[in-house]
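Enquirer: Chain by chain, the residues:
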Amino acid sequence: MRGLDPRRWHPRRWMVSHPWGALLATAALTLLATVQLVDPRDGHLRLGIDSSVRTLVVPEIPAQATEDEIKRRFGHREQVVVVVRAADIFAGEALNTVRALTRDLNAVPGIESVQSLTNTALPRRSDSTLTFERVGETPVTPEQRAAIHANPLIRDQLVAGDSRATAIVADLSSDDDSELRALGLPQRILDLAERYTTPTVQVHVTGAPVLRAATSDAVINQLTWVIPAIAVLMSAFLTLVFRSIRGVALPLTVVSIALLWTLGTMAALGLSLNLITCLVPPLVVTMGLAYCAHIVSEFDALQRTTKPTTRAEQTLELLRSMSSPVALTAFTTMIGLLALCISPLPAVRDFAVLSALGVIYSAVLALVTAPALLHVFARPRHRPTSGPDLFERLAIRLGNFDTRYRRQILAVAGMLLVAALAAGSRVHVGDQFIGVFEPGARVRVDYEAANAALGGVTPMNILIDGYASNVLSDPDMVAALDRLQDWLRKQPEVGAVVGLPDHLRVLNQTLMNAPTGTLPEQQTRIEQLLFFGDSNALRAMVNADRSATQIRLRLTVDETVEVDAFLQHLKPQLLALPQPLVAKVAGEAVLVTESVDVVTAGQLQSIVLALLLIYACLALQFASFKIGLMATLPTLLQTAIYFGGLGLSGITLNATTSLVECLVLGLAVDDTIHYLARFNNAARDKASESRGAVVALAAVLRPVTLTKAVLALGFLVLITGDLHNQVVFGWLAALTLVAAWLVDVLITPAFMSGVRIVTLWDTLRVNLGADVQETIPLLSGLSTRQARVFALMANLQTVPAGTRLMSEGDDCGDGRPGDPAGDIYVVIDGSLRVWIERDGQEMHLNTLSRGAVVGEVGYFGQKRMANVDTVSDARLLRFDDADQERICRQYPRVAARVFLNLNRLQAERRASTEPVPS
Amino acid sequence: MNRTSTFGPAVAGMRRAFALSLLTAAGVASSYTASAAETKPALNPADATLTDIQACMSHNLVQSGALRDLNVKVTDREGGSHGLRMKLYWKPTATQEPRVQLRLLEPVAMRGSSYLLLQDGAQEEVYFHLPNVENAVQITGKNMSEPLWGTDFSYGEIKQVLGLLFQGKTERVDDAKIDQRPVYVLNTDADADASGYQSVRSYVDQATCVLLKSEFFAKGSTPVKTLSADATSLITLDDYSVVLGYTMSNHAAGSKTVIELSDFTLLEHLPEWMFDAGRFFEPYD
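Residue numbers (this note's numbering), protein chains in the order written: chain A, 2 to 919; chain B, 3 to 287.
Chain A extracted, bound-state conformation:
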């Protein structure tokens, strides 16, 4: 088993000798995950679905604390709003519908109470009587219409100002979605709405529970449709690419197991699928398929290029070639994902951890289970191919194109970067509430219809605290609240407003027979009205000791950008309230808006962190901060393109869209690392960065293209989902992967073809023999690492015995890169013979061994003065002035020391009596 010390335990060897053990371990863990996921006693799925929009809300934001305070002080019931629309809502058919719906809704289990036009007592006052009338018990009179529209607690709250719509508000007995679902809610309400809809009376249902249920359905739909769809699409793709059962069955098996493990872990950790974490399963499926595509591709490649004799040899070779790339790929993807752990949003953190776990599972299964399955079921075969395949031919063309038009490509890349940055500066932060649903979805149609009919249905609250009893009985305070409400009603974003002054107006009229719309002017009167006018509605508006109240708004806007703009306008109005009143805002609209800002800022930090971590990895791998930076540039360009795309398309930056970039960062850098690692070796082998770029591209184009295609296709399936954020996620991820592929095959090779890179692993691997500084004068004064870096930046090559290195009289060239005429050689191992020919006779001048430098005359542009041949197999360090210039740029300290040593050697040689060798 090549490359492994037989005396030491090694996982690869264990894998090869115990394939059934690996498969049994996989089966055991899969069984454990299944038990975690599904209760074996009743088959009940243990994984919950949290469809609340609260998963998009940051717990620590101020609006959340205000929201909790409002609930504590004023109570809260989940509400479903049924909106009935008709040409005239007071007409017989419409009113009958409202009455019947009210009755039927009251009978639905899980609905605690129903408030509608037909069960609301409409107060009417005369000099000596106060009568509470039920609307619709008799035909609505013009006087009743006028009374309804004059009552601020009914107008715009239950009845639209144009009399074309009315709201029926159903308070639910629970805010637990699973309880509601068990009671058939809100579906039973939707069914009722459908039953009562006629050509002339339309019924729409909206409210947070309805939105949550629709979200839950969409999440379930995704799990039941999108994941199988990805599997089917991938099967077709894999069939096309691999044309074998193995190429399809193996990835699907491994991916199914990875998904089970991930979902089992979710269930075991008590986590739920929500708007963000529902993206984990398709991500795991897609990533797992990509890893397995790599494995199968490499397995096929091995069967084409090598001739294994045993299963063990075949499997070991597969593991040897794939362990590092898959592990490295998984590692960098994890970096991108785990950078999201600094997000303030728990759902994003859950997404990061679960996705990272899914990636680990996929990688482990790809490196353990997949090879074990191949070991057991695939016979060793050798299927050589006659010539380069499609990818190799394409890679050669692309590579040549990249190196030939390097400057032009880099210029275009530079312009692209500038344009992307300019477009990226136009990106706005924002999200939508109902906008997560596609335009045709019933939940969105109903919401928008209700929004239009009632002048806004997005709830918002303003909590106003006076911090002392009876502050809100002060007429001046009431007047201030009234002014604030007047201002609010004039704002285009506000559809409806109700607050304490509205209650006081109605009470003043009904209890005191005051003129319609007048506020009480004495504190005592206000206290009396609040005392005698006690009602559930009033208690939801002002607390018992009259120290705090709330203003309830319904907003017409659906986007957080608009809500944010409104909040900015509102802020000075709230600050202008008289002392001691202090106002704070809350409600779904504010919660989501504040969260989007915080989350997006957090995720931008995540992107920066991911870039830094990627840079750190690259700098570590290439043992150079500068090279690390250069290697990061393609990733930076891809990031700029992503944000530029957002800016151009008008897509806002939010929790979902900033997830994409972190994810794709982790995926995109994989291929950059693969390419650079291959390029490094190829450039050294070919002694040319240009040729190295072509060779490296030929090596990686197939897996890079396959991986990107698998990932992009997988993400594209998300565009068939019901939730807009998933659709956007799918498009963005797929398009970003395409952009990353273009960067990989066009810009990275062009950019790197002028760069020689040295990795940390190269420096660790390179062997210059013992006592380098003492035995090789040119490297004197360098550290061991610096000596190795120089060796790698130059060309360390083994030359067979009898090879002519240089010939007397040859021109030493013009020093252009790749021109061997100007090379200098340093002997690392072996021996060289220096001789000249005079009068047909060979004259031996010298024998050079370790540490000797030969050819430095050529470095100064003169003709070769002697012949130099290898006597034995020799390891030589070869470099020319182009190498020296490159070392000067990238490692100036090393270059300076080598120059100094070279000059000293020259000086010593001139001072010595020995003949000059060449």
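Since no wrong hints were added, every one of them can be taken at face value.
Dumping the calculated DSS-like pairs for lysine-lysine here, alpha-carbon to alpha-carbon at most 30 Å: (1) A/K72 x B/K221; (2) B/K171 x B/K215; (3) B/K75 x B/K221; (4) A/K72 x B/K75; (5) B/K221 x B/K179; (6) A/K72 x A/K491.
Keep in mind that the hints were calculated from the coordinates and are not lab data.
Chain A is already provided as a structure; the job is to place chain B on it using the hints.
Expert: Just chain B, lined up with the frame of chain A:
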């Protein structure tokens, strides 16, 4: 005197504070009018019918004029509390139809506020008077499920408690025990539109025929409110029994209201104008 009508229809038709006050005042006053009362029928719990239980309960009711002082303490959802003090004047008509006037003493800002309930068979009239207003106003058609004066009681709840034998279909179900005391359990299907509840379950002490507990169900099997008597305050004089404290717990809102009886005075000769719709709010003492 028709005791059944004193307990039932009189209260069933009441509005707001009357009902609240009568709940306690009527019972306590009865204990001091024992001489006028008929002997409470002895019930065999195993055989007692709904009518028997109803009759037994009606024996605890007052049959002459009285003044009651009531202290009410409300603890709201925020944990804050406030108190109310009021006087309840009770004087049946010559035909034993109930008449009740309630005057607020505290909060001070409400002092002088009054309610008046006049009952005439199935007809009822409710009037209220606010301080600094010259006349009284009659209320008609009021929603019965609204809370009352910042307490956890609503019209409907009080009405259901006091009128359970007459409001909705009532039946006796399996007996139970409260604080080790055997109780009759009466279940009433209420008019949800009027009261806000689908059913009310009442627990009546078998020994004294005093209401010890009521549960109010809006929907399902979990009560949204519970009215509990302070069983330690249950007293019996002669044949008349009464509880001196009740607590209404509002489970949905997390608040509660405690009613305690304070001083009382028998006033068999209360002036008639105190029950006149045009004058009831004039100062009395």
